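A.B. asks: Chains as they are written, first to last, in numbering that gives the first Met the number 0: chain W, 0 to 372; chain F, 0 to 407.
Hints in this document: simulated from the structure, not taken from any laboratory.
Where hints are given, some of them may not hold.
[Said to hold, decoys possible] Short derived list, chain F residues pointing at chain W, Cβ under 8 Å: (1) G35; (2) D226; (3) P291.
[Claimed, not checked] Derived DSSO-like pairs (lysine-lysine); straight-line CA-CA distance at most 30 Å: (4) W:K332 - W:K24; (5) W:K291 - F:K345; (6) F:K369 - W:K81; (7) W:K371 - F:K282; (8) W:K225 - W:K291; (9) F:K282 - W:K318; (10) W:K318 - F:K4; (11) W:K368 - F:K282; (12) W:K346 - F:K4; (13) F:K24 - W:K268; (14) F:K369 - W:K275; (15) F:K282 - W:K275; (16) W:K346 - F:K24; (17) W:K261 - W:K226; (18) F:K132 - W:K332; (19) W:K267 - F:K345; (20) W:K268 - F:K282; (21) W:K268 - F:K345; (22) W:K81 - F:K3; (23) W:K291 - F:K369; (24) F:K80 - W:K260; (25) W:K204 - W:K82; (26) W:K275 - F:K80; (27) F:K80 - W:K323; (28) F:K4 - W:K81; (29) W:K160 - W:K60; (30) F:K80 - W:K82; (31) W:K142 - W:K24; (32) F:K282 - W:K332; (33) F:K282 - W:K267; (34) W:K261 - F:K345; (35) W:K268 - W:K237.
[Unchecked claim] Chain F regions said to be covered by chain W (calculated; three or more residues, Cβ under 8 Å): (36) 273-282; (37) 300-307.
Predicted, not measured: the structure shown is a model, and the values here were computed from it.
All C-beta atoms in this analysis are idealised placements derived from N, C-alpha and C, irrespective of residue type, glycine included.
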Amino acid sequence: MSVNYNVLGLIFASMHDSYVSELTKQRTMGSIPFGGRYRLIDFPLSNMVNSSVSEVGVITKSNYGSLLDHLGSGRDWDLSRKKGGLHLLPPYSQTGGIYKGRLDALSNVWSFVEHSSAKYVIMANCDVITTIDFDPILKQHMKSEADITLIYGKAHYDCEKNASSTVLEFDENSRLKDVLVTPQISGECNIWLEMLIISKEFLKKIVFDAASRNQFSFTREILQGKKDEYNIMGYEHKEFFTRIDSIENYYLANKMLLDTKKRNALFKKEMPIYTKIGDNGPVKYGLESNIKDSLIADGCVIEGTVENSILFRGVKVGKGTVVKNSVLLQGTKIGNNASVTSIITDKNVEISDEKVLTGSETYPLYIGKNGKI
Amino acid sequence: MYTKKRVVAMLLAGGQGSRLYALTKNVAKPAVPYGGKYRLIDFPLSNCTNSGIDTVGVLTQYQPLVLNEYIGNGQPWDLDKMNGGVHVLPPYETQAGASWYEGTANAIYQNIRFIERYNPEYVVVLGGDHIYKMDYSKMVDFHVANNADCTISVIDVPKAEASRFGIMICDDQNQVVDFVEKPKEPKSTLASMGIYVFSWDKLRKYLVENEEDANAKRERGEAWSKDFGKDIITSMLRDKQRLFAYEFEGYWKDVGTLDSLWEANMDLLSPSVPLDLYDPSWKIYSRNNNMPPQYIGDNANIENSMISEGSMIDGTVDFSIVFSGVTIEEGATVNYSILMPGAVIKSGAVVEYAIVGEDTVIESGARIGKSPENVENRDDWSIAVVGHNVTVSENKVVEPKQIIGESI
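Next up, chain W with everything else stripped away, as it sits in the complex (with noise of 0.2 Å):
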């Protein structure tokens, strides 16, 4: 694959950090850890990487500290580059404190985007996770000569479930019709994926023109605003692809890569999801391990029983401890003789010998980081 200087990435690595409170309170939505190496950020950064894009900016909002750890110069997704590469964008109080939608925080790090002599931009948010080619997106939006491309999938939405999500509607022509944010409907929509096709040149007009009106909102203001005037156009994403809008639908998500199908449509040879490497050791299976049905990332040592479970980077399980439906992130540590059911563990969560801990598959227990059992 070869290198497209013609199109600069953006990332919103803080989108929707409220959605999960608990996994955001010491980080971003971009840093929250996922499928037992990753954190969400390393999907829409290697889908831009994998897809020939050579220039990324993530937008940082707060609490961005673990997001800096984490990506460093951008060489582990090969962007630490003389040309292009990786920026990170913090905000500046331009306009007197934190950005308050996709708009603003544009106009805030404009300077950086007019800079880049890339024609077409791309964006992305941190919270969906799928594995795409942006490629023969960028291809229809060329030929469609749409002013707006967006990147849409098909999926069983219940509002009762999902905590926001942007339906789309759209006419014969694939041309937008409507857009309704979280409406009180259940069945199978057009779901918005938050990512979307833009050319410079467009994206500075809207930005621009947002500003001196003092408006923030990309979705209110231009898919909603604009539908009528601008031409917004649609593409299909027919892969598996899943969004984390809260604690529950974050463990789904985790849960949902123990189904070979959905894994093997994220994780694809031609196409690998980058990210910080770890130098851990294998994982190491003791005398009496008893694993099934689970996803185990190196440097785990485990000695009891597993099903049914993510297990993250350095994660150790004691002898005759039972780890069912459970989601433990990197370095969590199982003493002897525990036994924990549908639970989630943040970072270096330490439970001791012989507790038992119980959540349940519609509401996991929640542990914080560094928590003491």
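Place chain F on chain W using the hints.
C.D. replies: For chain F alone, kept in the frame of chain W given last:
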């Protein structure tokens, strides 16, 4: 302009590893996979970084493609430096003609100019085929404290095995008085580990002398050699130079043969073997291949094994080392074996006491190796080996001790 480096390491990685047969057909020995996610060269390179040595010359000659690609710019070992870093040094052509490396001493001799750029006080000479964790800086300190010209790292081996090694005979001050290569009746049990610290001015002098001496012998039609143990150490001893033995305590394993490679892997599963790959203060670094975590299926049965990223396990695995991207299907059995990256073990296949090479496929019903308890002549038993990129067809059998380099 080069910054002065107190210590430069030279890693001898040109060996063919002919006793590893099928595993080194297209791969230099230091690039042979070990321990679930490493290659042999990860150990000396990580030891260098962890010891604070940031300038390493890697001398390559035999089948260098995989090794060169693996080392790359040295970034996984933190050896991508503005000054120093890791440099792959193959043989090259000069106005006087081209020549291969004619022995370990000659390989360093041909790269004197590389070493001199850094104007070092000490040169550490390492091999690329040993498994151990060692702080070379302590050995350099020992060398300095003894005002030594050369320090040789030694390990105390069982008397019965001493005749397999180069043996150092020392006085009570650890000064080497004699060195015998593979003695029939060893006078000591201190075996050379092939790790040397030299004061550079001394090493340089002896390299030049050995080169001139050996070339003169060759012209006269006499036997000649350009070897570290055989020539440099012997000459220095003859000249009453100060040679010291630095005794290493810890795990050290030479993986020169298929049996020892298998054993060294199995050692990782033994709680009594002091080689900790999980110590955050002395990590062994390796090049990562961006694979998702391993998935263990509903039918899996895993005990006492090490398994790496990207693997899909749905069969039975016991006492085995499984590298990244390996597939073990439902109903397959793997015992006491090493499965190298990308190996596929199909349903119903049985792999026991065996090494299976990279990207090799073992089809259903095939049987590789056997437990020593299940063979008639136990003395004649050995592990079975299937090389890289090979397919073993359905129901085929690879007997213990058999080495397969082509598809069957």
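A.B. asks: Are the hints correct? Go through all of them and say.
C.D. replies: To see whether the hints hold, each was checked on the structure:
1. G35: holds (3 Å)
2. D226: At about 35 Å, which exceeds the 8 Å cut-off, the nearest Cβ of chain W leaves the hint on F:D226 violated.
3. P291: holds (4 Å)
4. W:K332 - W:K24: It holds: about 21 Å lies between the C-alpha atoms, which stays within 30 Å.
5. W:K291 - F:K345: Distance ~19 Å between W:K291 and F:K345 Cα, so the pair holds.
6. F:K369 - W:K81: violated (55 Å)
7. W:K371 - F:K282: holds (27 Å)
8. W:K225 - W:K291: violated (52 Å)
9. F:K282 - W:K318: Since the Cα atoms of F:K282 and W:K318 sit roughly 25 Å apart, the hinted pair holds (cutoff 30 Å).
10. W:K318 - F:K4: violated (48 Å)
11. W:K368 - F:K282: holds (25 Å)
12. W:K346 - F:K4: violated (40 Å)
13. F:K24 - W:K268: holds (27 Å)
14. F:K369 - W:K275: With a Cα-Cα distance of about 41 Å, the restraint between F:K369 and W:K275 is violated, given a limit of 30 Å.
15. F:K282 - W:K275: This hinted pair holds, its Cα atoms lying about 16 Å apart.
16. W:K346 - F:K24: With a Cα-Cα distance of about 44 Å, the restraint between W:K346 and F:K24 is violated, given a limit of 30 Å.
17. W:K261 - W:K226: violated (34 Å)
18. F:K132 - W:K332: holds (26 Å)
19. W:K267 - F:K345: Since the Cα atoms of W:K267 and F:K345 sit roughly 21 Å apart, the hinted pair holds (cutoff 30 Å).
20. W:K268 - F:K282: holds (28 Å)
21. W:K268 - F:K345: holds (20 Å)
22. W:K81 - F:K3: holds (28 Å)
23. W:K291 - F:K369: holds (27 Å)
24. F:K80 - W:K260: violated (43 Å)
25. W:K204 - W:K82: holds (26 Å)
26. W:K275 - F:K80: Distance ~20 Å between W:K275 and F:K80 Cα, so the pair holds.
27. F:K80 - W:K323: Roughly 46 Å between the alpha carbons, so the hint for F:K80 and W:K323 is violated.
28. F:K4 - W:K81: Holds, at about 29 Å.
29. W:K160 - W:K60: Holds, at roughly 27 Å.
30. F:K80 - W:K82: holds (21 Å)
31. W:K142 - W:K24: violated (43 Å)
32. F:K282 - W:K332: holds (20 Å)
33. F:K282 - W:K267: holds (29 Å)
34. W:K261 - F:K345: Cα-Cα ~22 Å, so holds.
35. W:K268 - W:K237: Distance of about 18 Å is within 30 Å: holds.
36. 273-282: Holds: 3 residues of the segment 273-282 of chain F have a Cβ under 8 Å from chain W.
37. 300-307: Holds: 8 residues of the segment 300-307 of chain F have a Cβ under 8 Å from chain W.
The earlier numbered hints that this structure contradicts are 2, 6, 8, 10, 12, 14, 16, 17, 24, 27, 31.
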